[in-house]
Each structure stands twice: as structure tokens, then as C-alpha cells.
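Here the protein sequences line up with chains Y and S, keeping their order.
First residue of the first sequence? That's 1 in the numbering used here, and the numbers climb one at a time after it.
First residue of the second sequence? That's 303 in the numbering used here, and the numbers climb one at a time after it.
Note that these hints are calculated values from the structure, not bench results.
Any given hint could turn out to be false.
To be verified - Partner residues aside, some chain Y positions facing chain S, computed with beta carbon under 8 Å:
{"#": "1", "residue": "112"}
{"#": "2", "residue": "154"}
{"#": "3", "residue": "156"}
{"#": "4", "residue": "158"}
{"#": "5", "residue": "159"}
{"#": "6", "residue": "165"}
{"#": "7", "residue": "169"}
{"#": "8", "residue": "176"}
{"#": "9", "residue": "179"}
{"#": "10", "residue": "183"}
{"#": "11", "residue": "186"}
{"#": "12", "residue": "190"}
{"#": "13", "residue": "194"}
Unchecked claim - Listed next, the in silico DSSO-like pairs over lysine-lysine satisfying Cα-Cα at most 27 Å (straight line):
{"#": "14", "chain 1": "S", "residue 1": "372", "chain 2": "Y", "residue 2": "193"}
{"#": "15", "chain 1": "Y", "residue 1": "190", "chain 2": "S", "residue 2": "372"}
{"#": "16", "chain 1": "S", "residue 1": "326", "chain 2": "Y", "residue 2": "184"}
{"#": "17", "chain 1": "Y", "residue 1": "178", "chain 2": "Y", "residue 2": "6"}
{"#": "18", "chain 1": "S", "residue 1": "332", "chain 2": "Y", "residue 2": "184"}
{"#": "19", "chain 1": "S", "residue 1": "372", "chain 2": "Y", "residue 2": "184"}
{"#": "20", "chain 1": "Y", "residue 1": "216", "chain 2": "Y", "residue 2": "32"}
{"#": "21", "chain 1": "Y", "residue 1": "79", "chain 2": "S", "residue 2": "326"}
{"#": "22", "chain 1": "S", "residue 1": "332", "chain 2": "Y", "residue 2": "190"}
{"#": "23", "chain 1": "Y", "residue 1": "161", "chain 2": "S", "residue 2": "372"}
{"#": "24", "chain 1": "S", "residue 1": "311", "chain 2": "Y", "residue 2": "172"}
{"#": "25", "chain 1": "Y", "residue 1": "194", "chain 2": "Y", "residue 2": "161"}
{"#": "26", "chain 1": "Y", "residue 1": "193", "chain 2": "Y", "residue 2": "216"}
{"#": "27", "chain 1": "Y", "residue 1": "161", "chain 2": "S", "residue 2": "332"}
{"#": "28", "chain 1": "Y", "residue 1": "178", "chain 2": "S", "residue 2": "304"}
{"#": "29", "chain 1": "Y", "residue 1": "147", "chain 2": "Y", "residue 2": "32"}
Since we're looking at a predicted model, the values are computed, not measured.
Don't be surprised by glycine CBs; every beta carbon is placed ideally from N, CA and C.
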Amino acid sequence: MKSGRKYQFYLGKGGVGKSTSSALNAIHLAEKGKQVLLVSMDPAHNLSDIFEKKLSSKPYQLSENLIVIEIEISSWIKKYLNEVESQIRRSYSYLSALNLEQYFSVIKYSPGIEEYALLLAFKEISEKYEEKDYIIFDMPPTALTLKFFGLPQLSLTWLEKLQELRNEIIKKREIITKVKFGNKEIERDKILKKLDQQVKSYTNIKKIFQDNNRTKINLVMNPDKLSFSESVLIVNRLNEFELEISGIIINKYSPEFLFEHIEEKFGFKPIQLFPQSDVPLIGLKILREYLSYKVSFENSFA
Amino acid sequence: MKKFADKIKNKLIDGLNRYDDMAKSTMVDKIEFELGEMENMFGLIVLGSFIALPSPPMHITLDLLPEMEKHFVMMLNRVDTAESPMSDLLSAFNVI
């Protein structure tokens with residue numbers, strides 16, 4: 001991965017302007033000459049409407065330095081399940097794998113699969129777009145976003161317990177092999193190998209999320225009570241996963257807004273203001289005009 | 303006289319070896335039993351969702367599944383022979 005690569009995540013209550021804020025920041029960075037990839041992770045995509053372009057999972061070159069992608073969670077789930085199924089068909093005997101198809105058709109609706117698909121998308125996009133300076137993620141609604149950020153920790157908790165049990169099993173197997181066959185070399189346990197790989201992968205993702213220099217988790221809110229209280233909930237839940245927000249974006253800001261509440265609940269975080277616009281922020285031209293006339297960027301967002 | 307002593311010595315060694323084999327075999331049997339049970343536990347924990355037990359997040363199970371054919375088949379056989387309502391559930395999914 002490119003060493004100076006930065007990640008930005010935009011999260012907040014539904015309808016506060018996560019997509020608009022992420023789009024504005026992406027345009028701003030691209031105009032400064034940075035190579036930017038903007039990714040919509042929201043199942044109900046807004047970027048197509050904001051840019052007035054038909055976007056999809058195929059990268060769309062919006063301007064010289066800005067590429068946009070809208071990822072389809074369902075196709076990532078399908079791709080993942082197909083991969084597992086074909087691995088099983090390769091490694092299992094014909095009979096064991098015979099009736100798995102029907103089970104897999106049910107698994108795609110299992111809890112937890114959606115956030116895992118998002119994590120796979122994050123991982124693959126990070127590896128595929130190595131040359132980008134910034135990858136900006138427009139996140140889904142709060143519940144799914146929190147599950148996404150919590151998944152590496154949750155998986156590590158399970159995997160570490162399974163690793164312990166597996167190591168115990170291997171130790172016992174080694175004793176038996178030693179007594180029965182002497183110092184014969186034992187084949188490395190495939191399950192433990194897989195567990196080790198998974199632990200490594202989740203630890204890496206967790207490190208990326210927690211690295212404040214590389215990763216900015218930006219909380220978007222409106223100057224109203226509802227989005228404020230949901231933002232408090234988001235920050236508390238992120239703290240449980242040992243994650244911190246890097247900055248706060250007040251979208252549709254009006255001068256009557258009181259900042260004391262923000263400092264009281266979130267501490268002193270960089271705050272970026274996006275004032276209320278007189279016209280709907282739709283289309284690259286209008287977004288650019290809005291940026292040049294209405295917005296002055298706070299240092300840590302610039 | 304030396305022949306007699308050797309004979310006694312060999313008998314003793316033979317006896318000790320037999321005792322050693324017996325002790326080893328009992329010990330190995332015990333560890334093997336324990337190992338079998340631990341493997342069952344591991345299978346139950348990872349593949350529990352296939353027989354309606356609480357289990358790790360689905361992606362952990364799915365990632366390990368290709369390496370766990372032995373556990374998977376055993377689990378299904380056990381459910382099949384248990385004649386429990388669980389086997390009906392699995393039959394409904396047509397897994398076995």
C-alpha cells in the first residue's frame with residue numbers, strides 16, 4: 001500500500017448530508033492536485049444524483065484527479081459466497097459438497113454478511129487503488145456503519161479464542177504422533193493456518209482504522225437536536241471499539257448554532273462548516289461554485 | 303552363569319518394555335479420546351449454525367469451512383443419527 005495514502009470516512013445520521021460533504025471534500029482535494037477516489041458504501045446511493053452521472057461499481061473519471069465508485073453490497077456478498085462455495089467444491093469430496101447450494105442461497109440473508117461484504121470491499125479497494133493519495137468513503141446509515149467499524153474487533157475476539165482451542169488440539173496431536181511414530185514431521189494444521197491469516201488481516205484493518213495520521217473518521221451533522229443526539233451515540237459506540245472521530249462537519253450551518261454543546265459532548269475537535277446553500281447542491285459545476293464562494297476549509301480538512 | 307544372568311536381564315527388559323507399551327497405550331488412548339472430544343468441540347463451535355447452536359459470525363465459519371470437511375460430515379452424521387428435531391430442520395434445508 002502507498003505509504004502516504006489517507007482514508008476518510010463520512011458518517012452520521014441519515015439525511016444530514018454525508019454524501020454531499022464527502023463529495024465536497026473530494027472535489028476540494030482533487031482541485032488541490034491530489035489523486036482522489038470517492039467510494040459510496042451506502043446501499044441507497046446518492047452520488048449519482050449529486051453528480052448527475054450514472055455511476056456504478058465501475059470507476060468513473062469525474063474530473064482530472066477524481067474517480068467515483070458506487071459499490072453494490074449484494075454483488076460483493078454474491079462474489080464472496082461464490083468464492084467460498086468453489087473453494088469447498090475444490091477441497092471437499094463430491095458427496096459432502098453435493099447439497100450445499102441450497103444452504104448458500106439462505107446464507108446470503110444471514111446477519112453480519114452485509115458488514116462483512118463492506119469490509120471485503122474496503123480491503124480490495126485499498127489494495128487495488130494503491131496509487132491514490134486519498135480514498136474517501138461515503139458511509140451507509142449509522143447501524144450498518146457501526147457494525148462495519150466493530151467487525152474487526154468482534155472477529156478478533158472470536159478468532160483468538162478459536163486459535164487457543166486449536167493450539168491445544170495441535171499440542172495433543174503432537175504428543176500422540178511422537179509416542180506412536182517418533183519424531184516424524186507433522187503437517188501444519190490447515191485450520192490454524194487459516195485462523196492465523198484471518199487474525200493478521202483483521203489486525204491490519206483495525207490498525208488502519210485506529211491510525212489517526214492515515215485515517216480520518218468525520219462525523220457529519222446538522223444544527224438540530226436529532227442529528228446531534230444520534231452523533232453522540234455514534235461517538236460513544238466508536239469509543240467502545242477504541243476508535244475516535246477526527247473531525248466534525250456541520251452541514252447546513254446557520255449562524256444561530258451554538259458550538260458549546262459540541263465541545264461539551266465531543267471535546268475540542270476540528271470543525272468544518274458547510275453553510276446552507278441557496279440552490280440545491282447538484283452537479284459538479286454548482287458544487288465547485290459553492291466551494292469557492294461559500295466554504296473556507298479548516299486546516300485539518302484541507 | 304553369565305548366560306543365566308543375561309536371560310534374567312532380557313526377561314526383565316522385556317517385562318519393562320511390555321509395561322512401558324501398556325502404559326503408553328493407555329496414555330495415548332486417553333489423549334486420543336480427549337483429542338477427539340476437543341475436535342468435536344471445535345467443530346460444534348465453528349459449525350454450530352448448521353445445527354442451530356450459537357456460533358461465531360457467519361464470515362468466520364464460511365472462511366474456515368473449506369478446511370473443515372471432516373468436522374462438517376461428522377456433524378451432519380451426528381445430527382442425522384440423533385433422530386432429533388434438528389435433523390428435521392436440516393432436512394428442510396436439504397443439507398444432508
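A closest beta-carbon separation below 8 Å is what the hint needs, so does residue 154 (chain Y) meet it against chain S? Constraint on residue 154 (chain Y) satisfied, holds at 6 Å.
Interface hint compliance - residue 194 (chain Y) to chain S, C-beta minimum distance less than 8 Å: holds (6 Å)
Residue hint residue 156 (chain Y), partner chain S, criterion CB-CB below 8 Å: violated (10 Å)
Satisfaction of hint between residue 190 (chain Y) and residue 332 (chain S), Cα-Cα up to 27 Å: holds (25 Å)
Would the pair residue 216 (chain Y) and residue 32 (chain Y) pass a check requiring their Cα atoms to be no farther apart than 27 Å? holds (18 Å)
Is the Cα-Cα distance between residue 178 (chain Y) and residue 6 (chain Y) 27 Å or less? violated (51 Å)
Distance restraint between residue 372 (chain S) and residue 184 (chain Y), which requires alpha-carbon spacing of 27 Å or less: The given pair, whose Cα atoms are some 23 Å apart, holds under the 27 Å limit.
Starting from residue 190 (chain Y), check that the Cα of residue 372 (chain S) is at most 27 Å away, please. This hinted pair holds, its Cα atoms lying about 12 Å apart.
Mind checking the CB of residue 176 (chain Y) against every CB in chain S and telling me if the closest is under 8 Å? This interface hint holds because 6 Å falls under the 8 Å limit.
Satisfaction of the residue 159 (chain Y) interface hint, Cβ to chain S closer than 8 Å: holds (7 Å)
Does residue 112 (chain Y) pass the interface check with chain S, least Cβ-Cβ distance below 8 Å? holds (5 Å)
Can the restraint linking residue 193 (chain Y) and residue 216 (chain Y) be considered satisfied, given a maximum Cα separation of 27 Å? violated (33 Å)
Comparing the model with each numbered hint stated earlier shows that hints 3, 10, 11, 17, 21, 24, 26, 28 and 29 do not hold.
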